[in-house]
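Line order of the protein sequences matches chains A and B. For what it's worth, this note's numbering labels the leading residue of the first sequence as 12, then goes sequentially. For what it's worth, this note's numbering labels the leading residue of the second sequence as 4, then goes sequentially.
No wet-lab data here; the hints were simulated from the structure. Backbone N, C-alpha and C fix where the C-beta goes; we use that ideal spot for every residue, glycine too. Check before you lean on any hint, since a few could be wrong.
[Stated by the list, open to error] Residues from chain B that face chain A, not an exhaustive set, calculated with beta carbons under 7 Å:
#, residue
1, Glu412
2, Lys425
3, Ser426
4, Arg690
5, Ala696
6, Gly698
7, Pro783
[Unchecked claim] Simulated crosslink set (SDA-like; lysine to any residue; CA at most 25 Å straight-line):
#, chain 1, residue 1, chain 2, residue 2
8, A, Lys153, B, Thr414
9, B, Lys298, A, Gly186
10, B, Lys780, A, Ser27
11, A, Lys230, B, Cys784
Residue-level listing of the chains:
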Amino acid sequence: MENTILKAEMLSKTYSNGSIMQHVLKNLNIDIKAGDFTVIMGSSGSGKSTLLYALSGMDKPTLGKIDFKGEEISKYSNDRLAVFRRKHCGFVFQQIYLNETMSVLDNIIISGLLVSRDKKAIAARAKELLHQVGMTEVCYQKYPSQLSGGEAQRVAIVRALINAPEIVFADEPTGALNSTNAINVLDVMTEVNASGQSIIMVTHDIKTARRANRILYLKDGVIIDELKLGSYVKDDPKRHKILREFLERMGW
Amino acid sequence: MKILMIATNNIRKAKVATATLIILIAIATIFLYVGISVLSNLDTFIDGKNAETNGAHFISITDGSHDAAIDQIYESIDSYVSSEREEGLMSMSSKYQNVDTGEEAYSLSTLFLNRETPRDISRVTIIDEAAQIPENGVIVPYVLKIANGYKTGDTLKFMVDDNTTELEIAGFYEDLMFASPSNVSMYKLYVGDRQFDELMNQPVYGSKCSYSAVITDDIDNTEAFESQFTKDLKTVWPERTGSYATLSYGTMKIGVAVFINIIMAVLVAFSIIILAIAAIVIKFSTTTHIENNIKNIGALEAMGYTSGQILGSILVEYLMITAVGFAMGLGASVLISPVITNVVSSSIGLRWTTGIYPRTVLISLAVIMISVLGISYFSAFKIKKITPLAALRNGIETHHFGKNRAPLERTKLSLNMAMGYKSLVFNKRQNLIAGLIIMMLSLVTVFSFAAYYNFAVDKSAMIKLIGLETAEVQVTATENEETIFDEIAAMPGVEDTVKLDSFDGVIKYDKKESGASTRITEDYSRLKVDTCVKGRMPVNDNEIALTSIVLNKLGAQMGDTVSIDYNGTTREFLVVGVTQQFNMLGRGAAITTAGMKKLMPVYQEKNLMIYLVDGENTKSFVTRINNQYANQNIQTASYFESIEMMLDSFEASIKIVVTGCLGIIAVIIVFVMFLVIRVRILRERTRLGVSKALGFTSNQLIGQILISQMPVIIGASALGAVAGYFATNPLMALMLAANGILNCEFYVDPGLVLLTILGISMLGLATVLIVANSIRKISPCRMFEEGVD
Ligand SMILES: Nc1ncnc2c1ncn2[C@@H]1O[C@H](COP(=O)(O)OP(=O)(O)OP(=O)(O)O)[C@@H](O)[C@H]1O
Ligand SMILES: [Mg+2]
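Assemble the whole structure, with the sequences as input and the hints as a guide.
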């Protein structure tokens, strides 16, 4: 479990709004091991989403380099990055972003078809995953704007998982979910992680963060501290306490 | 003002749409303003021009044998004020060639007057006068300068048969009565004393005539003077031999304005088409604006803005756009006024001056404001019906989800096809509007091409509208007609001959009457130009066909019985058909030879139309006939050439106008296509960005965009072009309806229809590729960001 899958060095991202420059990520270093369940926490506006976009090759960093299994993906062209993402990554957007022109099922299958041609298998897996996150058949042919916020979020999660990617990026995937649904989703994530897929997740919720084996705390574009938690054990009060103390230290 | 803020913000965000609308409104303004200003001021202008030179209200040209009787008739008519009489030379079969412009010789009758004769009616004010008028100097109509490019100092060759005299152009004059050969196919030329005498002394050049000009006290009723005069003259001089012609100011004024009225009607029609395009563009941009901003609108409403305020902001937005577009259009109208001056001047043969007409400005402004604001109000009105909640939830109520047509689970479509297809189907309503715009554009393209082709390239459809035969040669004989005509028909080089006469008839119906140039021939099916638009041409001796202008004037219809008065004999005729013609101001009638014999039992055909076989030279044929019948009393004319001459002055103007319209249509097409396609693709930015994030490559996405855009573009351009193919003639007829035209047969080249479809599709494809290509360089995150038009 010690081999690094994703590594960022001296990562910087600067947004310029007219004459105002905003340094959102500052010389940030990060190292993700295969099979890690990493949670990134930090206050609103600290740069968490920006970091996920950069790590997944969705946005070019202003400076710094990102390696995936020793390949420097930050040098890739846009299209090569697209192919990289489809092969190796799954992404859950904070804003969900389903394709409003197609049904729930098609939204998931379309991602699957980028990797495999076996429609039957993809559809079967999509339905299986939807079932696991608590979505019924009624939803299959609905269009995104006919879904509730929580339903849309779960569809987005299934879409990210459909290709069993090596790394799943999830930006507040439980933000719109009630606790039962959140637990269902997190169970699926934990299961996926147990089978060897790495997860990098942003969350504001301690219960959600408990699932991780490491917590990174981001402040003003810098990772100011890291907590190693060890593999997830259900209903472990000590785990909860350590985490809470860590966050209090961080001024959360 | 909050509303103003929202409005300016909308304008800033939708730059391309704003620019396109401004351009459309500016162009519509130009066309509308120019069209209306010419149409509404022409009449006053011509009257003013005529007053400057104390222009004649009535003119008669006779052989001089009844001068005293004619003067007596003048004086007996109530409205008569004064008259002048002078001697002239009338040359019926003259030909001209301007050596300096290198043009070909053409036939046109001439009336020579002596420049040095003092006159108070229709005074000659010389334009571009030569510093020193040479002995063979000639003052020619202004139309030759403006339409044909003649200049002072040019040598004008005057020819009758084999006799030639060279004249030097020493200046130009304006006179409504002889303003343009399209009106009276005769030049009135002023030469100096010596030249005049020289011409008079050579009988080959023509015959002496007596020219008299009359001023009345009622310039608006000169036709009444003319018909009273004609009636009275018949009693004192029934046979009316020799050269005889009368012209009335009213008739000539209408005649001179016919072509420019057509051109201006074309302009106004174009402006209406452009306004229609602007209307759909407004509909398109408000709809997309509302769809794109539905959440903002919802948020504003949730904050407490009323939908009325939001609607108001949209109206303010279009009000500002219209104001800018209108101002620009008005400015451009002033800039292009030299072109308009040229077009109008060359078609009326008088020096037109363009001014600023406040009334016209207000009318155009009202038309444009009302149409733009009306359409934006109606297309934005649905905001009133959207609740904030529905708006915030992406306007669910405004969208009807159909059946999932190609579920990916089962579809056989490829991945890109399926995605493109889904977005195509999803955007039904927007596709419909975009398709409608593209349809309009392609319809207008076909229409403009057809207008150009038929006005400027192949004029046969125009000639058909004019209603004259296309015979190359016309022979008039007054003795031995039958033998001569039979011999000519058998001559080599002759394809066909038809005996066709005409006389100025007076048609009566139920106390109303109308003058009509009445054609006489035995069998109308033998004519090459069919002017019949309803019913049929007369076959029996009691049948008649009339133009719709005559029918309207009489208040008669097909199936009614009208009567013709001919030298005291009155006969009744049944109206069996409706015809159309520009010629003779649209006043025409047609009866059979047998019908004419009922009016005049001794009637004998005098006029023969000769159609030559292809490749036969008209000039040499005319010479051959003249030689063969040198000692018979006949007149030969190159008939078709003079029609073409008549069209020439019209052609220059219409060419400018249709070329201008084609250019403008091209600009509009490029702008509107770009706008529509850009808006459609930008709207999908977020979706495209997410697709890219999921791992679609740029090529895949461009492929999907092509699949979702091109069917609409290709389908709409094809539909529009085909519609244009069928709608061109009805549209044209509609535009010319005021001139009595019910039916047009303009040639619409199927090749051009195909070319239009291809051209617009290619333009669409290029635009799609250019706009779509911009997603290549952008990372997915950038595409999520808002900032959509
Ligand atoms: N496209 C952009 N242009 C300019 N500034 C941006 C852009 N995207 C993000 N920012 C800024 O970068 C900073 C970090 O944004 P980011 O979305 O990464 O925060 P976050 O940590 O995910 O916050 P949250 O917990 O609220 O989601 C913010 O201050 C934001 O305003
Ligand atoms: Mg975020």
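Here's how the hints hold up against the structure:
no. : hint                : verdict
1   : Glu412              : 4 Å, holds
2   : Lys425              : 5 Å, holds
3   : Ser426              : 5 Å, holds
4   : Arg690              : 6 Å, holds
5   : Ala696              : 5 Å, holds
6   : Gly698              : 2 Å, holds
7   : Pro783              : 5 Å, holds
8   : A/Lys153 / B/Thr414 : 17 Å, holds
9   : B/Lys298 / A/Gly186 : 21 Å, holds
10  : B/Lys780 / A/Ser27  : 18 Å, holds
11  : A/Lys230 / B/Cys784 : 22 Å, holds
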